[in-house]
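Visitor: Here's the letter readout for the chains.
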Amino acid sequence: MNNSTISLQRLSSLVKLTLHLNLKRMLYTACIGLGFAILFIVIYWNMDVYYNDMVFSRHEYLFVLSLYISGFIFTGSCFIRFRSKQGTIDYLMLPASNTEKFISEFLLATLVYPLFFLLSYWLFSVIVNGVLNNISQAFFMPFSFNIAPYGLDFMVYFFIQTIFLFGAACFQKIPLMKIVLWALLVAAIIALLFYTAWLNFDYSKGTDELAMNKIFYSSLVYNWHFLTIPVGLVFWLLAFLKLKEKEA
Amino acid sequence: MISVKNLSFHYAKKKELFHELNLELGQGNIVGLLGKNGAGKTSLIKILTGLLYPKAGECQMLGETPSKRSPQFLGNVYFLPEEIEESNLRMDKHVALYAPFYPKFDHEAFASNMTSFGIDPSENLKNLSYGQKKQFYISFGLASGCSLLVFDEPTNGLDIPSKSVFRKLVASSMTDDKLILISTHQVRDLGNLIDRVLVLNNGAIIFNKSTEDISNQYDFVSTDTVPDSTQWLYHERGLGNGKAIVQSQGNLESKIDLELLFSGIVAHPEKFKTTAHE
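Going line by line, the protein sequences match chains A and B. Numbering follows our numbering, with no gaps: position 14 of the first sequence is 14. If you want our numbering, it's the position in the second sequence, counting the first as 1, plus 248.
Honestly, the hints are just simulated from the structure, not real lab data. Just so you know, nobody snuck in bad clues.
When the alpha-carbon atoms are kept at most 30 Å apart in a straight line, the in silico DSBU-like pairs for lysine-lysine are as follows: (1) K341/B <-> K16/A; (2) K381/B <-> K352/B; (3) K381/B <-> K246/A; (4) K253/B <-> K303/B; (5) K303/B <-> K426/B; (6) K411/B <-> K374/B; (7) K341/B <-> K352/B; (8) K316/B <-> K16/A; (9) K261/B <-> K85/A; (10) K316/B <-> K85/A; (11) K173/A <-> K261/B; (12) K416/B <-> K294/B; (13) K284/B <-> K426/B; (14) K16/A <-> K173/A; (15) K253/B <-> K85/A; (16) K85/A <-> K352/B; (17) K246/A <-> K352/B; (18) K381/B <-> K24/A; (19) K85/A <-> K246/A; (20) K246/A <-> K263/B; (21) K263/B <-> K244/A; (22) K294/B <-> K521/B; (23) K178/A <-> K244/A.
Far from chain B by the CB rule (all over 10 Å, computed), these chain A residues: (24) Y28; (25) L119; (26) N134; (27) I135; (28) Y150; (29) I174; (30) L185; (31) L233.
Please read these numbers as outputs of a predicted model, since none were measured by experiment. For glycine and all other residues, C-beta sits at the position ideal for the given N, C-alpha and C.
Taking the hints into account, I'd like the entire structure generated from these sequences.
Guide: Structure representation (structure tokens):
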């Protein structure tokens, strides 16, 4: 690739810089996510023992919920430097291509933050387990790094995250509210699409008998998670184009 | 180094700021871009650095089109805006993170500049005053090794000793392959530093002369020395003797009074017209 578009040396410097500039933001956002986890633990704590055991021995709900909340807040506040005039000048005058600038933000939001949150959550689970063991012999098993069971959750996370990334590239004034509204709009469109698919899908007929116009809907219902990949890629592309437009 | 041809520019839904502006500046100069508030200095600088796009005409800097903002171009241009970004980094960390983007960055020069300003690089930028932050960014810019340095109101916020250090550092870091463009309305701060004066007024360059030409063409005198008011191109009354600019007769040695010259140019641009060869 053309050196003016991507240079590995420049990209690594930019990733390092982006990481440094966002360390505190990562930490604060992870704290918000873990704060929600604590809140849910407290709520469950006041429920019956059976429910406590069930929730505290499994992490599906707590991990996924806190990752989603904090991850979307983090992604929604990407391109934060565009929110001030000085930050915009600093960003635009930085000697790197817009592709490199996008890649660095993208890597941060899509890979670095989830990994950072994974580690934070593991540490959190170890601490909470210790505390709960001491005060009431309750168990909160330390989080396992076997994330295979969360495959679908991650897929959905990355998909929704692309919507937030695009929103972050678009909105600089009252961003959080606009991004949430934007995400809700996309969710409504997707829900409408699935509702239509549901209405058009006839379970009484065998696969062979499905009319051609129903193949689309059936594949949508059965393979919805695969659709997140191309649609997510479209949002990434849109976010990149939006960033390019801002530079112009 | 800078070539602007027939450049026109206006902000959205606003009247035209620049109309068919032309400008040529070569390397090896420290240029003072002077103008009143709202004259268009910052807009011109932003066009030159690729932050704003011209509506018509051509703009070339270092042989490249600034609006394309290629990394090579940006790595060779350092722009210090008037308002600086709030940073939460330690200064030495800032340098470690930003210097790799400037291939010719000189760490020794940076350390020396910081020492001249008397700033400790281990401090956090957020703990510094506005003036100290400016000193840091000036030190960084001068050490960046960029061929084009653009400072917008660099002396705003600097105390008197720091202004003197600024002038010394700019003069000492100047080389033949560089162009330093300093935009200011605090004309006095640039005394003895610049070797070309550009005056922008109402979106037009109304004066563009080297200090050598200015010395050859004008004398800056007290109204006592040349009492004949018909010879005055411009004059200002003072508490004692007034000051005046007169056409040079070659028999007077006078130091350029930038402030007086600027006031004269803005008041009577027709008397200070730049000829084609200048």
